[in-house]
Amino acid sequence: MEKFTKITAIAVPLDRVNVDTDAIIPKQFLKSIKRSGFGPNLFDEWRYLDLGEPGMDNSQRSVNPDFVLNKARYANAQILLARDNFGCGSSREHAPWALEDFGIRVIIAPSFADIFYNNCFKNGILPIILPESTVDELFQVVEAQEGAQLTVDLVQQTISSDDSLSHNIDIRFEIDQFRRHCLLEGLDEIGLTLAHSDDIRNYENKQKEITPWLFNTR
Amino acid sequence: MTAKTLYDKLWDSHVVRENDDGTSLLYIDRQLIHEVTSPQAFEGLRIANRQPWKLSANLATPDHNVPTTDREQGIADPIAKLQVDTLDENCDLFGITEFKMDDIRQGIVHVVSPEQGATLPGMTLVCGDSHTSTHGAFGTLAFGIGTSEVEHVLATQCLIQKKSKNMLVQVNGRLNAGVTAKDVILAIIGKIGTAGGTGYAIEFAGDAIRSLSMEGRMTLSNMAIEAGARAGMIAVDETTIEFVKDRPYAPRGELWQSAAEYWQNFHSDNGAHFYKTVTLEASDIQPQVTWGTSPEMTMSIDDTIPDPAMENDPVKKDGMKAALDYMGLTAGTPINEVPVDVVFIGSCTNSRIEDIRAAAEIAKDKKVADGVKQALVVPGSGLIKQQAEDEGLDKILTDAGFEWREPGCSMCLAMNADRLEPQERCASTSNRNFEGRQGQGGRTHLVSPAMAAAAAIAGHFVRIDTL
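So the protein sequences, as listed, match chains E and H. Remember, the working numbering sits 3 above the position in the first sequence when you count from 1. Remember, the working numbering sits 106 above the position in the second sequence when you count from 1.
Just to be clear, a hint being listed does not mean it is correct.
What the hints assert, rightly or not - Within a straight-line C-alpha distance of at most 16 Å, the following computed EDC-like cross-link-like pairs (lysine to aspartate or glutamate) qualify:
#1 H:269 <-> H:124
#2 H:422 <-> E:18
#3 E:37 <-> H:191
#4 H:160 <-> E:201
#5 E:37 <-> H:413
#6 H:269 <-> E:179
No lab work stands behind these hints: they were computed from the structure.
With the hints as extra help, turn the sequences into a complete structure.
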């Protein structure tokens, strides 16, 4: 997994509550057996005016000019500002894969759906939960000034503005320390767990006495 | 001894070790696998040269992409076919039990596993699918995971988890006639909202829940995720144990005796602490129809479409306006005057034998209305299809003008050929009414199987007792 320490980037505001993973990456693209290549179809139904199918040349499709990700000022955004319950619905990890493939490394919202939140960390994406009023403030700042960049620093756990921004931003965020550690180091969680193989075997040996029916050969 | 909740007991009995940072290594007894969220996990195993930790813990079946007609022709869509073929190859290569497309036991994972007795009380169960919460109906800790975690479970039989908070949803009293488990869960989601359960493990309790069959309980737990909760569980009782008994994967003989005894403990103790409690009176719950693009946008069959002008919260007001616009509905219209184009009876929420019986009971000796372009019934598994045919239900339904299909996820998420056209309105027994869920531009109204069948007959939503 790619490490995450600090980025300075444009933030794109997606002003909508309950954005579900069907919207993030529609089902027709889930037929892929790969982890990569989902970026061009991120938010497909909102981004394009025609019906998207796998294998299409996306550069030939008509783009929805009103959708925020299509606006030139947000073209290189790596930070996504979002609203409550972002990532609800299906557990598809294709959603963070699509966001990551598009270039999004940070998502800031007042709340996330549990499975999506969890999936982000497996893919080098940092989801940040902030109070609604703080998220409102970020929406205002980002919408007010074109080209505004934010710096997200996972070591310091801060979001800050540089001199390009007239409004000074200095926000501290909280994050689970285990997840922070894994992101900072780009750790392989399976490797971490396998380091406890003896504990797993001990547990199994104990359980074989208590729930033997779960250890049948079948 | 401290009083524990059902969730506390399930959690505590599966902790392998507690890490210093507040996370736990949780042992997973059962993993269900389907074609959409597993290929990248198997690829990860191969790249790292890892083997599955415990082969017998896994059970696979293709469901999302499978066609519901002309099975012998195979899958027409080459990309979908590759995905199903990849599941077959991976299961064969690693030695994982799979019910392939031509196996009568094939079906929707969340229908197949309980049917086989592969879902047992007191266990932990995961699947790369959010509706894994279904299995909580058995007093099981069951939740959906992403593909990286599918790989993690394959390789280690464990997950690194942080414990959720306990929430109790209590439904007191007796359900009104014609009110089903689907109506109860929609009413619960309408009350607590789609994020109301985020961060929680829900336990459903109360007389109204106790009175439900296992099929009904599965419908209820299935949609816990629609309230934001990864897991939604129900205490073990006689109904649970009776359902599990003698199923192919259930323990037998002496093992059955000790298992059935062990499972009796999987209920919340008196005085156990819940962080949050929500109470509903069963008598307040009427048959439900969703009107918007989120499962919390639900209403009683007797009500009129809500007016965004009456909503004070500006974000909610905008959400309501956008939903009505997408759904092509006008505030103030009685929902029972809204015509439907398509009816879908199926999905991991409502494709079990009881659901098909409920639909057949409504459809008996009647005809699907002229205005309804298509009325689909898609059983949850090959065995349910067979049972329904043995009971003559397929005949009743096809005589009425319904199509009787092969098992799979079908139009719940429209990954296969079964989908809505733009602006088509569907009475659906599935679980999500998100924009585009059943096909781009399609309009989904979530309802019970009886309500869906009634809408097919009447051509519009209708109170079943007036049909």
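Going through the hints against the structure:
no., hint, verdict
1, H:269 <-> H:124, "11 Å, holds"
2, H:422 <-> E:18, "12 Å, holds"
3, E:37 <-> H:191, "14 Å, holds"
4, H:160 <-> E:201, "15 Å, holds"
5, E:37 <-> H:413, "44 Å, violated"
6, H:269 <-> E:179, "13 Å, holds"
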